[in-house]
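Engineer: Read off the chains here:
Number of protein chains: 2
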Amino acid sequence: MEPATDPIEALRACLGSANVAADAATRAQYESATFQTEQRVSAVVYPDSTAEVQAVVALARRFGLALYPISRGRNWGLGSRVPTRDESVVVDLRRMNRIVDFDEQLSCVTVEPGVTFQQLADFLESKGSGLYLSVIGGPPDASVLGNTLERGDGLGPLGDRCESSCALEAVLGTGECVRTGMGMFGPGPMSGLMATGLGPEISGLLFQSNFAIVTRLTLWLARIPEEFQGVAFAIKDPAALAPAVAALRELQQRGVLKANSFALWNPQKFLASIMQYPFAADGRALASPEQLLSHLPPALRGAHWIGMAALYSASKLHARADRRLLRQLLGPHVARLAILGRSTASWLRFTRPFAAKVLGMDPDQMLRLLYSESPFLGHPTKFSSQSVYWRKRGPKAPELDPDRDRCGLHWVCTAIPFEHAHLAKHAAIVERVALGHELEPNLSYLNLSERCLKSFAVIAFDRDADDEESRARRCHDQMLRELSDAGYPPVRLGIQSMDKVTPADTTHIELVRRLKRLFDPLDVIASGHYDFRHAWMVSDGDT
Amino acid sequence: MEPATDPIEALRACLGSANVAADAATRAQYESATFQTEQRVSAVVYPDSTAEVQAVVALARRFGLALYPISRGRNWGLGSRVPTRDESVVVDLRRMNRIVDFDEQLSCVTVEPGVTFQQLADFLESKGSGLYLSVIGGPPDASVLGNTLERGDGLGPLGDRCESSCALEAVLGTGECVRTGMGMFGPGPMSGLMATGLGPEISGLLFQSNFAIVTRLTLWLARIPEEFQGVAFAIKDPAALAPAVAALRELQQRGVLKANSFALWNPQKFLASIMQYPFAADGRALASPEQLLSHLPPALRGAHWIGMAALYSASKLHARADRRLLRQLLGPHVARLAILGRSTASWLRFTRPFAAKVLGMDPDQMLRLLYSESPFLGHPTKFSSQSVYWRKRGPKAPELDPDRDRCGLHWVCTAIPFEHAHLAKHAAIVERVALGHELEPNLSYLNLSERCLKSFAVIAFDRDADDEESRARRCHDQMLRELSDAGYPPVRLGIQSMDKVTPADTTHIELVRRLKRLFDPLDVIASGHYDFRHAWMVSDGDT
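First to last, the protein sequences are chains A and B.
For the record, in the first sequence the residue sitting at position 389 is 389 according to my numbering, with numbers rising by one throughout.
For the record, in the second sequence the residue sitting at position 198 is 198 according to my numbering, with numbers rising by one throughout.
Hints should not be assumed to be uniformly reliable.
Claimed, not checked - Using C-beta positions, here's what the derived DEER-type ranges look like: (1) B:504 x A:128: 30 to 38 Å; (2) B:396 x A:186: 37 to 45 Å; (3) A:187 x B:304: 25 to 33 Å; (4) B:337 x A:342: 28 to 36 Å; (5) A:100 x B:477: 30 to 38 Å; (6) B:3 x A:100: 54 to 62 Å; (7) B:58 x A:6: 49 to 57 Å; (8) B:105 x A:506: 26 to 34 Å.
Claimed, not checked - Pulled from the structure, derived: some chain B residues nowhere near chain A, Cβ distances all over 10 Å: (9) 12; (10) 201; (11) 295; (12) 337; (13) 379; (14) 429.
Unchecked claim - Straight-line C-alpha distance at most 20 Å; calculated SDA-like pairs for lysine to any residue: (15) B:425 x A:106; (16) B:425 x A:188; (17) A:425 x A:478; (18) A:316 x B:323.
It is worth saying that the hints were derived from the structure and are not from the lab.
Keep in mind the model is a prediction, meaning the values are calculated, not measured.
We put the CB at the ideal spot given by N, CA and C, even for glycine.
Could you build all of it, start to finish, from the sequences and the hints given here?
Structural biologist: Right, dumping it as structure tokens:
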């Protein structure tokens, strides 16, 4: 038989016809994100193994295809499944959804790209495991590996997923397959247990990059604590933010609060998680941004910030010590400080009406969120991701699919020093820019470490409403630019912004460009994805 | 003026004559390690700035020099200051010893290569800082940056120094200077606060590598805990090791023991830290290895393992909770469990004679080691590094300098899963191989995480005694090989072993080779240092 001369035919011959889709309906799905995109998809392929991924890369090299690998395509707000480059072949890795290895005693698990947060949580539950994986605010059917590779964050211990993973298996743009960390020594007892191997460590090059298609990695899991307490509080006095931030930092420095274990939300973020924007029947917005805040539950009226945190304690006595120190350091600066542990939780369960009155909000919801089904304990949740429907006119669909439902969402991910002055400056930019575009500032902070907070600004809009699409885009671009200029560069980028950020260190850009050539000389993998290509193209002539 | 045609003259013109040494005495110093080496040094240069380092690299490229950068040259047991390649110009960075930046609130410090552990500890003390840097078991005048780049370990929180550093400034083999992590965006507020920047992260390539000369990095510091308790224990019943290891792992999983906060020492390791080998007057060794163990202090007689640990607690109540859980989980399996906190320490101070009796060892030494000057709290110590003189005949010099004193030392650094079966298997290999070469097995483990332990096997000998040099070398090589074959590959290498380890993943080797060419195309920096060169040379023909 002659080798196929048509790339789609060649892909079909390689993967089987059922695993190559080029029909209009499928392609359209992969061309839809939560904001306007122009990139067209030529085909979608569904390999089932590392060998098949290598075969796809080989064909891409032969035919000059532009591949765009996705794991589950739930990168809402940053591009969903849409490729960075026009006329791409999407490599959808959902069929590679095996949990390859699991070790309860050494608390680690090895997964393929298609494994979702829900799948892994269910797997651990079915094993009766005492471990959990920190989950994202995003949807339960997002890919664990995909989120990790994008340097996504989870709640609670080991939530800095990129720092809690190792032993990547990756197919380079050359078609070669490489194993990182201790994986370089083959599949021995140490391969999934350390971040680095011997000598130069290449793992870091494979996150937020387009050098390879990662087909497997090992993640470290956290132990379910003996005692868990959910914490909620509000900051009502603007002057209290400074001492509250200092108290939170000290609590983390002293080890009472773990990394990624508290979040500060502004009221708009909170509202977007429990309701949709209260449009009038004719679709008109509220007369003023202030009116919106009257929709807060009574207990939170007047709050500038709403805090949620988790205490992970090794014993009952530790839980008491943690609670006591938290009350002592944070208590004086916040309102409505509630700590839900085992005993409070059972008390709440039996005194719902009374509790509702005290808290001014639904105690069942509070219980689920802060204690029994807390995302801080690895329970995948839709609580946060449903806010994607915030400005969508009409009710939400029961099954969230913001790409299909033309929800509008931009995400601006930056980081700031863990200090009040930076937080205030950063928040003021986000607020001013959002309100300036007649959109809601939806803002939260998460403690990445005792040194810095990650910040997530959500720009939600309705893609079907008037001029919201273009307003939101301008809002996003301005916010990203102003935050960068103020010293808070992005930590993640949407596909629409890959050419809008220029590191000051030109040697760094040049080095990334050379590395791309080394790993993927024919540029077959995810062109433009985190490669600072605008700069690359400028200097491309001199090679 | 004509440009110099002699490289030494060119270096002198560039750095000043005082900062280029080519005399025999200086060169000899840089040719001495704690084991036999053959590499000769052509000159030593002492640049004082990043610009001067760049100038040196430029000259190396022009003249085809082999540079070998060292920070302080205290890499005892792994090669000290001696280059991997013959006829090298050593780039001694000791003059670059500035503490460039320090932030008490955000707990980080930026240092140049010449900054030592003692210097940084003194600096923090002079500032009245509430922070400390985890220290090494090695000498106080070792370089903080050098230790970090070699992926060295410290005791206590943030002891995994490579994972607790960021924002490297590095001069590549091309002569270019690059900044990693958030440093790519220039000197903004975020530059020293996060491990990664945006897009592919190159930092990992600069540890244990020869791609660049690192001239600066930021290290994260730990907060001095409100309550500190030193812990000591012994394991006398061989059957108790399994449950003790399980208890220690559980204590770490539950957060009571932090990473790098406990060490397990075998009795030979303990002895080497408090005495020298008890040679007879004529230099004869003991009749049997067992006789050595009678030199243990009474309290530790019969111990198979000696444990030291630290509890870092956020408050008095936390300290009580930590102590209680440690006693509960570990207590049943160990002997002589002692926990020295604030109150016990003062009690000990006032009851020395009685305490000596109870403990069977010097209470002052115990106090210093476990509490008031604990290396677990960032106090640089000679306690561990003096063991380099273990087999040296005659008394130690007051100022430790094992290179000068012809102490013999090989170090075998590996890692094992945090499980009893692996520990037992690993320890048995070390013991058998050491005793087989009539040397002492000197072995310790440190908890890198709840998943793995790092292991340090010390092979101490006297370079002036009979055949010890060659015996020790054979012992080292066999130990490294047997441990690798058993699934425990090295995590650091001595300069004599750079060509003795072959990762199973040949693509990985090939990739490191290509990366070396990209970063240092003329091979001017530290040839052979962690570049798996033997494999490189084999495939060198095909480019």
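Engineer: Decide, hint by hint, whether the structure agrees.
Structural biologist: Here's how the hints hold up against the structure:
1. B:504 x A:128: 30 to 38 Å: Since the Cβ atoms of residue 504 (chain B) and residue 128 (chain A) sit about 35 Å apart, the hinted range of 30 to 38 Å holds.
2. B:396 x A:186: 37 to 45 Å: holds (43 Å)
3. A:187 x B:304: 25 to 33 Å: holds (32 Å)
4. B:337 x A:342: 28 to 36 Å: About 30 Å separates the Cβ atoms of residue 337 (chain B) and residue 342 (chain A), which means 28 to 36 Å holds.
5. A:100 x B:477: 30 to 38 Å: holds (35 Å)
6. B:3 x A:100: 54 to 62 Å: This hint holds: roughly 59 Å between Cβ atoms.
7. B:58 x A:6: 49 to 57 Å: The hinted range 49 to 57 Å holds for residue 58 (chain B) and residue 6 (chain A), with Cβ atoms some 52 Å apart.
8. B:105 x A:506: 26 to 34 Å: holds (32 Å)
9. 12: The claim holds: residue 12 (chain B) sits with its nearest Cβ about 28 Å from chain A, beyond 10 Å.
10. 201: violated (4 Å)
11. 295: Since the minimum Cβ distance to chain A is about 35 Å, residue 295 (chain B) lies beyond 10 Å and the statement holds.
12. 337: Given that every Cβ of chain A is farther than 10 Å from that of residue 337 (chain B), nearest at about 18 Å, it holds.
13. 379: The claim holds: residue 379 (chain B) sits with its nearest Cβ about 20 Å from chain A, beyond 10 Å.
14. 429: Correct as stated: the minimum Cβ-Cβ distance to chain A is 14 Å, above 10 Å.
15. B:425 x A:106: holds (17 Å)
16. B:425 x A:188: holds (14 Å)
17. A:425 x A:478: holds (16 Å)
18. A:316 x B:323: holds (13 Å)
Checked against the numbered hints above, the structure violates only hint 10.
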